[in-house]
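Participant: So the chains spell out like this:
There are 4 protein chains.
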Amino acid sequence: MIKVGLIGYGKAGQAVASVLASDPRYELCWVMRRSSGEVTHLPGRSGIPLVGLETLDLGNWLDLHPVDAIVDFSHADSVYRYGDELRQRGIMLVSAISAYSPDHLDYLRDLGRDTRVMSSPNITLGINFLLLAAKLLRGIAPFADVEIVEQHFRDKPEVSGTARRIAETLDLDNGRVTSLRVGGIVGHHEVIFGFPHQTVRLIHDSIRREAFGTGAAFALQELAQRESGFYSFDDLLLQKIRSQLLQGD
Amino acid sequence: MIKVGLIGYGKAGQAVASVLASDPRYELCWVMRRSSGEVTHLPGRSGIPLVGLETLDLGNWLDLHPVDAIVDFSHADSVYRYGDELRQRGIMLVSAISAYSPDHLDYLRDLGRDTRVMSSPNITLGINFLLLAAKLLRGIAPFADVEIVEQHFRDKPEVSGTARRIAETLDLDNGRVTSLRVGGIVGHHEVIFGFPHQTVRLIHDSIRREAFGTGAAFALQELAQRESGFYSFDDLLLQKIRSQLLQGD
Amino acid sequence: MIKVGLIGYGKAGQAVASVLASDPRYELCWVMRRSSGEVTHLPGRSGIPLVGLETLDLGNWLDLHPVDAIVDFSHADSVYRYGDELRQRGIMLVSAISAYSPDHLDYLRDLGRDTRVMSSPNITLGINFLLLAAKLLRGIAPFADVEIVEQHFRDKPEVSGTARRIAETLDLDNGRVTSLRVGGIVGHHEVIFGFPHQTVRLIHDSIRREAFGTGAAFALQELAQRESGFYSFDDLLLQKIRSQLLQGD
Amino acid sequence: MIKVGLIGYGKAGQAVASVLASDPRYELCWVMRRSSGEVTHLPGRSGIPLVGLETLDLGNWLDLHPVDAIVDFSHADSVYRYGDELRQRGIMLVSAISAYSPDHLDYLRDLGRDTRVMSSPNITLGINFLLLAAKLLRGIAPFADVEIVEQHFRDKPEVSGTARRIAETLDLDNGRVTSLRVGGIVGHHEVIFGFPHQTVRLIHDSIRREAFGTGAAFALQELAQRESGFYSFDDLLLQKIRSQLLQGD
Numbered sequence: 382m383i384k385v386g387l388i389g390y391g392k393a394g395q396a397v398a399s400v401l402a403s404d405p406r407y408e409l410c411w412v413m414r415r416s417s418g419e420v421t422h423l424p425g426r427s428g429i430p431l432v433g434l435e436t437l438d439l440g441n442w443l444d445l446h447p448v449d450a451i452v453d454f455s456h457a458d459s460v461y462r463y464g465d466e467l468r469q470r471g472i473m474l475v476s477a478i479s480a481y482s483p484d485h486l487d488y489l490r491d492l493g494r495d496t497r498v499m500s501s502p503n504i505t506l507g508i509n510f511l512l513l514a515a516k517l518l519r520g521i522a523p524f525a526d527v528e529i530v531e532q533h534f535r536d537k538p539e540v541s542g543t544a545r546r547i548a549e550t551l552d553l554d555n556g557r558v559t560s561l562r563v564g565g566i567v568g569h570h571e572v573i574f575g576f577p578h579q580t581v582r583l584i585h586d587s588i589r590r591e592a593f594g595t596g597a598a599f600a601l602q603e604l605a606q607r608e609s610g611f612y613s614f615d616d617l618l619l620q621k622i623r624s625q626l627l628q629g630d
Numbered sequence: 382m383i384k385v386g387l388i389g390y391g392k393a394g395q396a397v398a399s400v401l402a403s404d405p406r407y408e409l410c411w412v413m414r415r416s417s418g419e420v421t422h423l424p425g426r427s428g429i430p431l432v433g434l435e436t437l438d439l440g441n442w443l444d445l446h447p448v449d450a451i452v453d454f455s456h457a458d459s460v461y462r463y464g465d466e467l468r469q470r471g472i473m474l475v476s477a478i479s480a481y482s483p484d485h486l487d488y489l490r491d492l493g494r495d496t497r498v499m500s501s502p503n504i505t506l507g508i509n510f511l512l513l514a515a516k517l518l519r520g521i522a523p524f525a526d527v528e529i530v531e532q533h534f535r536d537k538p539e540v541s542g543t544a545r546r547i548a549e550t551l552d553l554d555n556g557r558v559t560s561l562r563v564g565g566i567v568g569h570h571e572v573i574f575g576f577p578h579q580t581v582r583l584i585h586d587s588i589r590r591e592a593f594g595t596g597a598a599f600a601l602q603e604l605a606q607r608e609s610g611f612y613s614f615d616d617l618l619l620q621k622i623r624s625q626l627l628q629g630d
Numbered sequence: 382m383i384k385v386g387l388i389g390y391g392k393a394g395q396a397v398a399s400v401l402a403s404d405p406r407y408e409l410c411w412v413m414r415r416s417s418g419e420v421t422h423l424p425g426r427s428g429i430p431l432v433g434l435e436t437l438d439l440g441n442w443l444d445l446h447p448v449d450a451i452v453d454f455s456h457a458d459s460v461y462r463y464g465d466e467l468r469q470r471g472i473m474l475v476s477a478i479s480a481y482s483p484d485h486l487d488y489l490r491d492l493g494r495d496t497r498v499m500s501s502p503n504i505t506l507g508i509n510f511l512l513l514a515a516k517l518l519r520g521i522a523p524f525a526d527v528e529i530v531e532q533h534f535r536d537k538p539e540v541s542g543t544a545r546r547i548a549e550t551l552d553l554d555n556g557r558v559t560s561l562r563v564g565g566i567v568g569h570h571e572v573i574f575g576f577p578h579q580t581v582r583l584i585h586d587s588i589r590r591e592a593f594g595t596g597a598a599f600a601l602q603e604l605a606q607r608e609s610g611f612y613s614f615d616d617l618l619l620q621k622i623r624s625q626l627l628q629g630d
Numbered sequence: 382m383i384k385v386g387l388i389g390y391g392k393a394g395q396a397v398a399s400v401l402a403s404d405p406r407y408e409l410c411w412v413m414r415r416s417s418g419e420v421t422h423l424p425g426r427s428g429i430p431l432v433g434l435e436t437l438d439l440g441n442w443l444d445l446h447p448v449d450a451i452v453d454f455s456h457a458d459s460v461y462r463y464g465d466e467l468r469q470r471g472i473m474l475v476s477a478i479s480a481y482s483p484d485h486l487d488y489l490r491d492l493g494r495d496t497r498v499m500s501s502p503n504i505t506l507g508i509n510f511l512l513l514a515a516k517l518l519r520g521i522a523p524f525a526d527v528e529i530v531e532q533h534f535r536d537k538p539e540v541s542g543t544a545r546r547i548a549e550t551l552d553l554d555n556g557r558v559t560s561l562r563v564g565g566i567v568g569h570h571e572v573i574f575g576f577p578h579q580t581v582r583l584i585h586d587s588i589r590r591e592a593f594g595t596g597a598a599f600a601l602q603e604l605a606q607r608e609s610g611f612y613s614f615d616d617l618l619l620q621k622i623r624s625q626l627l628q629g630d
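Residue numbers (the numbering used here), protein chains in the order written: chain A, 382 to 630; chain B, 382 to 630; chain C, 382 to 630; chain D, 382 to 630.
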């Protein structure tokens with residue numbers, strides 16, 4: 382069982398905590414949130430302490446509550462706070478922060494020289510698979526027309542980052558992305574490949590935020606089998622697929 | 382431009398002829414149908430002769446009308462009629478016959494020692510991609526629930542062969558395949574991957590029979606770059622994907 | 382059995398002929414096409430004459446080949462050619478011409494004083510139902526977000542007339558219509574109603590042109606039960622629904 | 382503004398409370414739950430008391446906290462507890478209990494002689510619209526093939542009650558209902574109408590439980606405009622549609 386500490390306890394963090402705490406492959410040892418304050422515990426899980434990152438003596442905490450991996454759903458700067466500890470202790474990192482600056486990313490890459498680091502702005506398993514499958518089909522059939530449609534709740538501003546990333550990966554201009562804002566749709570992404578005599582649709586529907594947890598769990602499992610290095614979610618997925626394909630069938 | 386001869390002029394054959402005749406990468410040199418009779422030509426294409434296979438002196442015909450490839454949409458036994466000519470002349474073969482017996486397949490495999498042979502019961506590009514993508518996702522996420530739904534026109538008997546093949550490939554029992562017969566649907570296949578917090582759907586819709594032509598064109602193009610051997614459509618697709626993945630990104 | 386004459390033998394007309402000729406409720410007595418020339422017969426149906434409208438003595442023809450109804454899939458001006466005969470003989474008319482000018486429509490309305498006339502630019506049963514259902518839901522839930530998505534083959538120019546008509550009927554501006562042009566899709570229309578906590582989708586897929594025939598058959602059947610007058614397809618559908626609803630349950 | 386009291390504070394009740402409390406057309410005056418205990422208030426809404434139904438002096442409570450309507454999401458027997466008060470005070474009732482016995486229903490019908498009562502096992506607006514639209518299309522096109530597909534989370538036992546009700550309403554046998562259990566799908570219902578040359582799909586997706594709240598709000602609004610009587614959700618929807626259709630256009 383991999384011992385995990387989670388940093389970040391906003392909406393996404395809470396959802397990830399709930400997934401990791403009930404996955405038998407992992408032991409969620411503690412959760413840290415930004416605000417300081419007394420040590421409490423996760424609602425309904427008295428064995429899992431919830432502490433504030435800000436004023437904590439992190440080295441001391443990790444001595445008392447050692448982990449194999451840290452999952453970070455907090456904010457960009459947190460990594461500067463815990464980076465050295467990762468390096469010294471060989472703790473692996475799964476980070477789902479989307480707001481990293483080039484400086485942050487340089488720091489992470491450097492961390493990757495000493496330990497295993499995975500960083501991706503979207504770590505949903507399904508979305509990353511969609512991206513990969515779309516890329517494969519685009520490579521096989523560059524002559525097919527491609528359209529990307531994303532549907533989200535009424536108030537979501539701007540085009541979804543995921544849709545834009547699919548467009549980039551497929552080398553499509555932004556005119557090929559349609560964004561619909563309707564009601565309370567959590568997140569629907571569809572890539573349509575139009576052939577003269579057939580149509581292929583790759584569709585992803587998010588049901589709830591806990592999907593990030595499934596992605597984090599997947600990343601932890603894959604990362605545990607890799608060597609030190611800096612990886613994206615794609616890299617992990619691709620390596621898994623490569624080894625699948627090489628086994629042949 | 383690859384010179385192609387087409388054997389088989391039923392509904393599928395006619396559709397394939399129409400696709401190949403208008404694809405600038407190929408020259409459709411002639412079409413053969415089962416019945417004998419005088420040499421005519423394809424409707425609307427006076428340059429393409431339509432001849433009967435049965436009573437033809439095939440060697441003589443190929444001397445006068447040489448081709449690089451034969452596409453076979455006729456019936457299982459045709460291969461015995463033209464096999465030796467392929468071998469001697471190094472003509473490659475794309476065969477979409479679904480009714481081959483083990484004897485036929487042995488014969489084809491043996492042909493593959495001297496020339497390039499591709500044989501697959503379904504050579505639709507989209508369906509074969511669906512199959513491959515489903516297999517990849519199944520490998521990545523074996524814990525996801527999978528359901529296969531196929532919808533076809535009212536009178537289609539039995540479960541679609543494609544749906545059964547997807548189930549086999551994913552190692553699912555037949556209870557996971559749902560067949561709906563409604564109205565005039567040409568062919569709809571959907572593989573649903575249910576995760577706790579997200580859903581991925583891979584969907585293929587056939588619009589018309591000409592989709593076989595697109596598949597034949599793809600197979601010809603890939604086969605032309607391979608060495609002698611016996612291949613399935615999957616093999617060609619997989620090799621293309623492998624080389625894509627190895628190029629990295 | 383209602384005796385029917387069909388005017389118009391382009392792609393839509395041929396598809397309608399094929400549907401009417403095999404529907405046991407109707408006897409397709411003859412088909413007229415624009416071009417003059419000798420009387421032939423429908424391919425594969427030697428009992429159904431195919432004549433040219435232009436140079437025909439229409440009165441004489443109708444004496445010899447009387448019908449209860451005329452279905453018109455030709456062009457706008459044809460109605461001036463056969464209008465008087467309808468009036469005098471009480472023949473009913475199902476017209477699917479989309480290019481009528483206001484003058485044509487005035488003429489048709491006037492015809493409706495003496496006989497039964499149905500005129501609609503799109504007489505597909507499914508599309509007209511979609512339109513009606515969307516209108517009902519819009520009336521029930523005016524607060525829901527609505528988006529219209531239409532998908533058609535690559536070369537279809539402009540927004541589909543049907544999508545524009547749905548938008549008008551629902552009182553939505555054109556920004557709510559998304560048109561995707563991908564591969565060879567025959568015709569896909571989707572109206573999405575987004576509620577805060579649920580989504581309703583009304584979807585229509587055209588499979589082939591023969592759908593016009595089903596619509597013509599429906600219109601004939603309904604019109605046969607009405608009094609003289611000028612009707613749209615909507616009117617017929619709505620009256621059928623009203624009588625359904627009043628029967629209660 | 383209609384004053385509303387809510388009975389039932391399980392998962393559905395909590396979702397309904399949240400919707401009604403934020404809809405400006407309604408004032409949610411209080412919520413009752415089964416268990417007794419001290420009076421508290423809704424989390425985050427200190428103005429809305431949360432009381433136990435069991436040991437409450439209901440008459441006294443209603444004197445002090447009068448309402449125009451009661452919404453019941455608790456359990457079948459609750460109605461015996463508050464029925465007389467409704468009758469005497471002319472309070473209207475929206476009940477979404479699915480487990481009523483014939484005795485309960487008799488009691489409710491009798492209540493309908495003195496006040497306005499709406500009772501339906503599913504009061505989701507979208508599902509009820511789907512049901513109605515499917516029924517209309519079935520009436521218009523009885524010759525179309527119909528299939529019902531419902532998809533729900535893995536652990537949902539049995540066929541969805543909604544799917545069974547759609548089948549009954551359309552007079553289809555249970556073989557026409559397909560139930561798929563995959564991952565965490567909240568609730569997907571699809572009615573497919575297959576025509577020879579076109580397909581119509583009516584699809585409902587539940588996003589979250591709060592959809593019951595939208596339905597309750599709709600029922601309250603409609604009921605407020607009716608006379609005393611016993612209504613189903615269908616009745617209210619149908620009457621609204623009838624008045625829409627009669628206004629004509």
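Warning: the hint list may mix true and false statements.
Since copy identity is lost for identical chains, a pair holds within one copy or between any two.
The calculated lysine-lysine pairs, modelled on BS3-like cross-linking and capped at a C-alpha distance of 30 Å, are [said to hold, decoys possible]:
1. Lys537 <-> Lys621
2. Lys516 <-> Lys621
3. Lys384 <-> Lys537
4. Lys537 <-> Lys516
5. Lys392 <-> Lys537
6. Lys621 <-> Lys384
Just so you know, the hints here were simulated from the structure itself, not pulled from any lab data. These numbers come from a predicted model, not from an experiment.
Participant: So, for every hint listed, does it hold in this structure?
Facilitator: How the hints compare with the structure:
1. Taking CA atoms no more than 30 Å apart as the test, Lys537 paired with Lys621 passes in neither setting, with 33 Å inside one copy and 32 Å between copies.
2. Both within a single protomer and between protomers do Lys516 and Lys621 lie at most 30 Å apart by alpha-carbon distance, with minima of 16 Å and 13 Å respectively.
3. Within a single copy, Lys384 and Lys537 get their C-alpha atoms no closer than 36 Å, and across copies no closer than 32 Å, so neither meets the 30 Å cut-off.
4. Taking the shortest alpha-carbon separations for Lys537 and Lys516, both the intra-copy value of 26 Å and the inter-copy value of 27 Å come in at or below 30 Å.
5. With identical chains, the CA atoms of Lys392 and Lys537 are at most 30 Å apart both within one copy (16 Å) and between copies (26 Å).
6. For the identical chains of this complex, Lys621 and Lys384 are intra-copy neighbours only, at 23 Å inside a copy versus 40 Å across copies, given an alpha-carbon limit of 30 Å.
Comparing the model with each numbered hint stated earlier shows that hints 1 and 3 do not hold.
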